[in-house]
Amino acid sequence: MKKQITWVALFAACAFIIGAGTANAQLLELFIPDIPAVCEPVVWDLTAGQHNNAGTVEVTNDSTYLYVTYNLTWPDATFGTLHVWAGNDLSSIPTNNQGIPVPGQFPYQHNAAGLTSYTFEIPLASLNAVDVDGKPVCDLSLYVFTHAEVYMDSDGDGCKEWETAWGGDQPVNVEEPGRWYFFGQYAICCGDFPPPPVCWSETAFAKGTHVFASTAKANPEGLPSLDLTRQRWGWAINLTQQVTEEEYPIYAGAGLNDTTKGVEVGTLYVTWDGSSATVRYALLPDYKLQEVHLYASDLKPTKIAPGRYGITRYYDAGASGDTFSGLTLTDTNGDGVWIIGHAVVSKGTCPEGALNSSEINMIPVRQTAPAPQLLQKPATAPATPVLNELRAVPVR
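Here the sequence shown stands for residues -25 to -1, 1 to 371, where the numbers follow mature numbering (1 follows the signal peptide of the UniProt record, and there is no 0).
Hints are not guaranteed to be accurate.
[As the list claims (entries may be wrong)] As a list, the in silico BS3-like pairs of lysine-lysine whose alpha-carbon atoms are at most 30 angstroms apart:
| # | residue 1 | residue 2 |
| --- | --- | --- |
| 1 | Lys278 | Lys322 |
| 2 | Lys278 | Lys236 |
| 3 | Lys236 | Lys322 |
| 4 | Lys275 | Lys192 |
| 5 | Lys278 | Lys192 |
| 6 | Lys192 | Lys236 |
| 7 | Lys322 | Lys110 |
| 8 | Lys236 | Lys275 |
[As the list claims (entries may be wrong)] Computed spacing ranges between beta-carbons, pair by pair:
| # | residue 1 | residue 2 | range |
| --- | --- | --- | --- |
| 9 | Ser189 | Arg154 | 30 to 36 angstroms |
| 10 | Thr246 | Gln206 | 20 to 26 angstroms |
| 11 | Thr48 | Ala88 | 16 to 22 angstroms |
| 12 | Ser116 | Thr48 | 25 to 31 angstroms |
| 13 | Leu259 | Ser189 | 30 to 36 angstroms |
| 14 | Ala191 | Gly293 | 33 to 39 angstroms |
| 15 | Val77 | Arg283 | 20 to 26 angstroms |
| 16 | Thr246 | Gly74 | 48 to 54 angstroms |
| 17 | Leu231 | Glu15 | 47 to 53 angstroms |
| 18 | Thr204 | Gln145 | 18 to 24 angstroms |
Derived from the structure by calculation, the hints contain no laboratory data.
C-beta: ideal position from N, C-alpha, C; glycine also.
Please take these sequences and the hints and turn them into a complete structure.
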């Protein structure tokens, strides 16, 4: 079942109008997934303009996700962009040189323009909040920073304006001039959770002309090696002449570059006319793309981490294929051009947060640390700390 929220886009009669839209009010419907009623949510005020209680932020979790829900209660107010950061290490939050959080660099963002409610679903695994069995780390304390842009009439003069808003019960610099914010702490709840879903999901590479690995064990076909790693599997394609729809099979789970250990899941088609390239992924029936990482360069690859290839796409609903056109690619040094076609593939849509079938027994053990504490400042320090003066007590 889904909750249905109806809202009306309103335009204030101000000296100027922010944004553009039709003259008629638009009636829209927003559908938000129900949150499993397992853990009682922690509720904080959403404070706009330092002193206006504009709504609430609710935080809860189930076995897979941390849920962060924004709700507006201020009359006729609507959201702009929402930003969330959560974790148990304050040193990793994006800040400026003064230690003030920078919401625009938070990892979870959503353009909620015109909405009055929105829920983020953040995988617990991405927060290092699951144990070796993939279960939530009970009572693990997370810092949660929730920022919002709120379009509201804050002073009752009938004119709306943008206000910055923060959720939480721990204020910083709120009574001082300059940058201010709130944050909160949330302890992971453990209930009678069902086991996390398991899906078939594998990393895959297009089989090319060169291997990454330097050892014979990881090069059963004796292909030229890029000497980037000892045994990690994967291939690169070296083109020394123009090609049209050249085909390269895509293999998933082919450890040590042994295709008999993997499964062929599709084909990579490459076209190169000497100055530009087109790369097309086409998967076999029953397989879907979840992620694509593509390297296309005149320079020989020096990195094997797919996230550093230069081109990345994600497919929330899964995709049977994708095409990358107009890639500028010219051989300027006489050794040809290089392409690496990497993907994460699944059988159908793999739910976010689900355990990878190939990695269930490979999840690293994480030590359960005591709940982080905010260290007290010396009495001689200024009255209001900034973020870089807050830190977690180290695990001993």
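Tested hints:
Of the supplied pair hints, the one linking Lys278 and Lys322 holds, its CA atoms being roughly 28 angstroms apart against a limit of 30 angstroms. Taken as a hint, the Lys278 and Lys236 pair is honoured in the structure, with Cα atoms around 24 angstroms apart against an allowance of 30 angstroms. Only pairs whose Cα atoms come within 30 angstroms are accepted, and Lys236 paired with Lys322 is accepted, the gap being roughly 18 angstroms. For the hint linking Lys275 to Lys192, the alpha-carbon distance of about 23 angstroms falls within 30 angstroms, and the restraint holds.
The suggested pairing of Lys278 with Lys192 holds, with an alpha-carbon distance near 21 angstroms, which does not exceed 30 angstroms. Pair hint Lys192 plus Lys236 holds up; C-alpha atoms about 13 angstroms apart against a cutoff of 30 angstroms. Distance restraint check for Lys322 and Lys110: the Cα-Cα separation of roughly 24 angstroms lies within the 30 angstroms cut-off, and the hinted pair is therefore satisfied. For a cut-off of 30 angstroms, the pair hint linking Lys236 to Lys275 stands: about 27 angstroms separates their Cα positions.
Separation of Ser189 from Arg154 is about 51 angstroms and departs from the stated range, judged on CB atoms against 30 to 36 angstroms. For Thr246 paired with Gln206, a C-beta distance near 32 angstroms fails the hint of 20 to 26 angstroms. One distance hint, 16 to 22 angstroms for the beta-carbon pair Thr48 and Ala88, holds here, with the actual separation near 18 angstroms. As the Cβ distance of Ser116 to Thr48 is approximately 28 angstroms, the hint placing it in 25 to 31 angstroms holds.
The beta-carbon spacing between Leu259 and Ser189, approximately 31 angstroms, falls within the hinted interval of 30 to 36 angstroms. A C-beta distance of roughly 37 angstroms is found between Ala191 and Gly293, which places it inside the suggested range of 33 to 39 angstroms. For the pair Val77 and Arg283, the beta carbons lie near 23 angstroms from each other, so the given range of 20 to 26 angstroms is met. The beta-carbon spacing between Thr246 and Gly74, approximately 50 angstroms, falls within the hinted interval of 48 to 54 angstroms.
The given range of 47 to 53 angstroms is respected by Leu231 and Glu15, whose C-beta atoms sit roughly 49 angstroms from each other. The hint said 18 to 24 angstroms for the Cβ distance between Thr204 and Gln145, and at roughly 45 angstroms that hint is violated.
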